[in-house]
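Engineer: The residues making up each chain are set out below.
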Amino acid sequence: MSSDIILQVNNLNVWYEDFHAVKGITVGYPEKSISAIIGPSGCGKSTFLRCLNRIYEEVPGAKATGEIILEGKNILDKSVDPVELRRRIGMVFQKPNPFPAMSILDNVTIGLRLQGIKDKSYLMNIAEQCLRKAALWDEVKDKLHKLGTSLSGGQQQRLCIARALAVNPPVLLMDEPTSALDPIASAKIEDLMSELKKEFTVIVVTHNMQQAARIADYTSFFVLGDLIEHGLSSDIFTNPKQQKTEDYITGRFG
Amino acid sequence: MVRDIENIQHSFSTENDGNISKKQTFLTYGEQDKFAYYLLKLVASLVIILLLGMIAMLLNSSLSAIEEFGIGFALNDNWNPVEDEFGALAFLFGTLVTSALAILIAAPLSISVAVFINEILPTKLGKLISLFVEMIAAIPSIVFGLWGIFFLGPFVKDVLTPFLKSNFGFLPLFQGASFGIGILTASIILAIMITPTITSICREVLKTVPKIQKEAALALGATRFEMIKIALIKPSFSGLTGGVVLGLGRALGETMAVAMVIGNSPTITASLFSPAATMASVIANEYAEADSDLHLSAMCYIGLLLFLVTFIVNSFARAIVWKKQRKARG
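Just so you know, the protein sequences line up as chains A and B, in that order.
Counting from 68, one number per residue, gives the positions in the first sequence under my numbering.
Counting from 13, one number per residue, gives the positions in the second sequence under my numbering.
What the hints contain is simulated information worked out from the structure, not anything from laboratory work.
Accuracy of the hints is not assured; some may be wrong.
What the hints assert, rightly or not - Taking lysine-lysine and the DSS-like style, the derived pairs with C-alpha atoms no more than 27 Å apart in a straight line are: (1) A/K213 with B/K219; (2) B/K226 with A/K213; (3) B/K226 with A/K185; (4) B/K241 with A/K145; (5) A/K187 with B/K226; (6) A/K130 with B/K53; (7) B/K226 with B/K53; (8) A/K130 with B/K246; (9) A/K187 with B/K246; (10) B/K335 with A/K208; (11) B/K335 with A/K213; (12) A/K185 with B/K241; (13) B/K219 with A/K200; (14) B/K226 with A/K130; (15) B/K246 with A/K213; (16) A/K210 with B/K219; (17) A/K208 with A/K255; (18) B/K246 with A/K208; (19) A/K162 with B/K177; (20) A/K210 with B/K335; (21) A/K130 with A/K140; (22) B/K223 with A/K145; (23) B/K136 with B/K223; (24) A/K210 with B/K136; (25) A/K162 with B/K226; (26) A/K130 with B/K335; (27) A/K130 with B/K136; (28) A/K187 with B/K241; (29) A/K185 with B/K246; (30) A/K213 with B/K241.
Stated by the list, open to error - Simulated restraints on C-beta separations: (31) B/T220 with A/E262: 52 to 58 Å; (32) B/L258 with A/R281: 35 to 41 Å; (33) B/K335 with A/G128: 40 to 46 Å; (34) A/K187 with B/M147: 30 to 36 Å; (35) A/H212 with B/G181: 44 to 50 Å; (36) B/V171 with A/D209: 57 to 63 Å; (37) A/Q277 with B/L39: 46 to 52 Å; (38) A/R319 with B/K139: 46 to 52 Å; (39) A/G128 with B/Y49: 25 to 31 Å; (40) A/D209 with B/P184: 38 to 44 Å.
Cβ coordinates follow ideal geometry from the N, Cα and C atoms, glycine included.
Take the sequences, apply the hints, and build the full model.
Structural biologist: As structure tokens, then:
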């Protein structure tokens, strides 16, 4: 766990039309760590995450101000191409969403193929590496040409993780990656995340506080668009500085 | 809340206190279900009976032509009512060529319009534009025919033909004189007529793609165009084909507008500029003037053939879709 900040968010505000969803958030994410974002429903945690790869722009009327610094550049700046950005910051969604008309192999390599890489053996090589990293290789190596959607929910989610890893992004965003999965599949994803932080910086939104406590090095607690507290998970869950955080993690509120 | 439950329980118990057998109905519930079942079965069967009846009627009235010409009718291009010699090949040719050309024009156009309305335009503007597109479907066929005669025909003759001739004149498709009426004009009219049908079906198909699929593509660094290709068009292939097939079905049978602009000449030529005739257009044009029984019967035979062609084309297209789906399932 190094303490170099890879992603620095300064005074981030997000509006949906008139609704102020994220209010002046400042937080930094250290390289090769897992940071969790927790908070009650509607606290803006998903919106915040969706700003980090600018996919919030897909919602008509959404607007963000402030700074998100990646590699010395403010990614919210109009001069940054969101297509380029999203190749540096991968994302895994709440529901597993492999492309339905594509085989397992095609799903993993689509990101590279979008970048114009056509060399079959290179793609195959990367696909194997990524499926191994996603702890899926042994389960799918004999059926790489079957549809991605033929897998179980947990496998599909790991396939989506492999797909995101294939373009080798330094930062990986996860929006409640286990909320649609059963406990065993969730546990596998959690183990996987702990492996991933050796190479990647993972920022995960979760509804599940125990999950955050188990896997995250850092935790941020959001309420109604405000960042209440951010710090080492060990501090947040054992010795919170704010009364609201304590109320939330002890189940008195939220 | 508690009161509500009490009330419900109360009302239940009073109902049960009254003797159930007092509530006499004409039929028991089981009998009612059975009655509904047979009623639906009857009505549903009527549709099939209607279809079979139409086939039987067509067969019956074309019987004398079938006896006279046999299967060779569809392979013979000699159509001479004066001598009572009939062959449908020229009409078969006209129908297939105009419909194929119409699909070639309309399918990419419709799918692009559907993608444009759904994905590029702001929602409100998209709704407005799609309203206009759908209004094309409401224009009567005969109005299309008039427009074809007075605008599209001259346009094809004076603008499109010189352009095609000077650029692609080496192809036999674009040789020969153009009178403004002919295969090309008919195909363009057909393409315009089937575009709204295909567009609205394609829009519905594209709408079923979950937002999360599109976001998955974008989050991988796909451009908007790439997202449309991999997350929208690819998984919707069978649905989009279905839309195109429905358009094709309409194009094959379309009569009035085609009859007005195709020139009604039972000839087979390579040139798209030359006049031709379709199966539907010849029936519409000659039925009223047919004086010999064999002529009438030959036209019913053409109707039967048209029926067969639409059936085959539809089955063929469905087979493509099924095959694609089965392949996709692995």
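Engineer: For every hint, state whether the structure bears it out.
Structural biologist: Here is how each hint holds up against the structure:
1. As the CA atoms of A/K213 and B/K219 are separated by approximately 26 Å, the hinted pair is consistent with the 27 Å bound.
2. This hinted pair checks out: B/K226 and A/K213 have alpha carbons roughly 21 Å apart, not beyond 27 Å.
3. For the given pair, B/K226 sits about 23 Å from A/K185 by alpha-carbon distance, which is consistent with the 27 Å threshold.
4. Between B/K241 and A/K145, the direct Cα distance comes to roughly 25 Å. Compliance with the 27 Å bound is thereby established for this hinted pair.
5. A distance of roughly 25 Å separates the Cα atoms of A/K187 and B/K226; the hinted pair therefore holds under the 27 Å criterion.
6. Distance hint between A/K130 and B/K53 is unfulfilled; the C-alpha atoms sit about 57 Å from each other, more than 27 Å.
7. With a C-alpha separation of about 43 Å, the suggested pairing of B/K226 with B/K53 is violated against the 27 Å cut-off.
8. In summary, the hint linking A/K130 to B/K246 is not supported, as the alpha carbons are separated by about 31 Å, beyond the 27 Å threshold.
9. A threshold of 27 Å between alpha carbons decides the hint, and for A/K187 with B/K246 the separation of about 21 Å falls inside it, so the pair holds.
10. Only pairs whose Cα atoms come within 27 Å are accepted, and B/K335 paired with A/K208 is accepted, the gap being roughly 26 Å.
11. The suggested pairing of B/K335 with A/K213 holds, with an alpha-carbon distance near 16 Å, which does not exceed 27 Å.
12. Distance hint between A/K185 and B/K241 is fulfilled; the C-alpha atoms sit about 17 Å from each other, no more than 27 Å.
13. For the given pair, B/K219 sits about 34 Å from A/K200 by alpha-carbon distance, which is inconsistent with the 27 Å threshold.
14. Proposed proximity of B/K226 and A/K130 is supported: the alpha carbons are some 20 Å apart, at most 27 Å.
15. Annotation: proposed proximity of B/K246 to A/K213 holds, straight-line Cα distance about 16 Å (limit 27 Å).
16. Of the supplied pair hints, the one linking A/K210 and B/K219 is violated, its CA atoms being roughly 31 Å apart against a limit of 27 Å.
17. Our distance criterion of 27 Å between C-alpha atoms is met by A/K208 and A/K255, whose separation comes to about 18 Å.
18. The hinted pair formed by B/K246 and A/K208 meets the criterion: a straight-line CA distance of about 24 Å does not exceed 27 Å.
19. In summary, the hint linking A/K162 to B/K177 is not supported, as the alpha carbons are separated by about 55 Å, beyond the 27 Å threshold.
20. Straight-line distance between C-alpha atoms of A/K210 and B/K335 comes to about 20 Å, which keeps the hinted pair within the 27 Å bound.
21. Restraint check for A/K130 and A/K140: the C-alpha separation of about 19 Å stays at or below 27 Å, so the hint holds.
22. Restraint check for B/K223 and A/K145: satisfied, since their Cα atoms lie roughly 24 Å apart, inside the 27 Å limit.
23. Restraint check for B/K136 and B/K223: satisfied, since their Cα atoms lie roughly 18 Å apart, inside the 27 Å limit.
24. Restraint check for A/K210 and B/K136: the C-alpha separation of about 45 Å exceeds 27 Å, so the hint is violated.
25. Simply put, A/K162 and B/K226 have alpha-carbon atoms about 13 Å apart, close enough for the 27 Å limit, and the pair holds.
26. As the CA atoms of A/K130 and B/K335 are separated by approximately 45 Å, the hinted pair breaks the 27 Å bound.
27. For the suggested pair A/K130 and B/K136, the alpha carbons sit about 20 Å apart, so the restraint of at most 27 Å is met.
28. Proposed proximity of A/K187 and B/K241 is supported: the alpha carbons are some 21 Å apart, at most 27 Å.
29. At most 27 Å may separate the alpha-carbon atoms for a hinted pair to count; A/K185 and B/K246 meet this at roughly 19 Å.
30. With a C-alpha separation of about 20 Å, the suggested pair A/K213 and B/K241 falls inside the 27 Å cut-off, and the hint holds.
31. About 36 Å separates the C-beta atoms of B/T220 and A/E262, a value inconsistent with the hinted range of 52 to 58 Å.
32. Between B/L258 and A/R281 the CB atoms are about 54 Å apart, so this pair departs from the stated range of 35 to 41 Å.
33. Remark: the range hint 40 to 46 Å for B/K335 to A/G128 is upheld by a beta-carbon distance near 43 Å.
34. For A/K187 and B/M147, the hinted distance range of 30 to 36 Å is not satisfied, since their beta carbons lie about 49 Å from each other.
35. The supplied range of 44 to 50 Å is met by A/H212 and B/G181, whose beta-carbon atoms lie about 47 Å from each other.
36. For the pair B/V171 and A/D209, the beta carbons lie near 60 Å from each other, so the given range of 57 to 63 Å is met.
37. Our hint of 46 to 52 Å for A/Q277 and B/L39 is violated, since their Cβ atoms are close to 58 Å apart.
38. The hinted window of 46 to 52 Å between A/R319 and B/K139 holds, with their beta carbons roughly 47 Å apart.
39. In this structure the supplied range 25 to 31 Å is violated for A/G128 paired with B/Y49, their Cβ-Cβ distance being about 51 Å.
40. For the hinted restraint 38 to 44 Å between A/D209 and B/P184, the CB-CB distance of approximately 53 Å leaves it violated.
Hint compliance for this structure: hints 6, 7, 8, 13, 16, 19, 24, 26, 31, 32, 34, 37, 39 and 40 are broken, all remaining hints hold.
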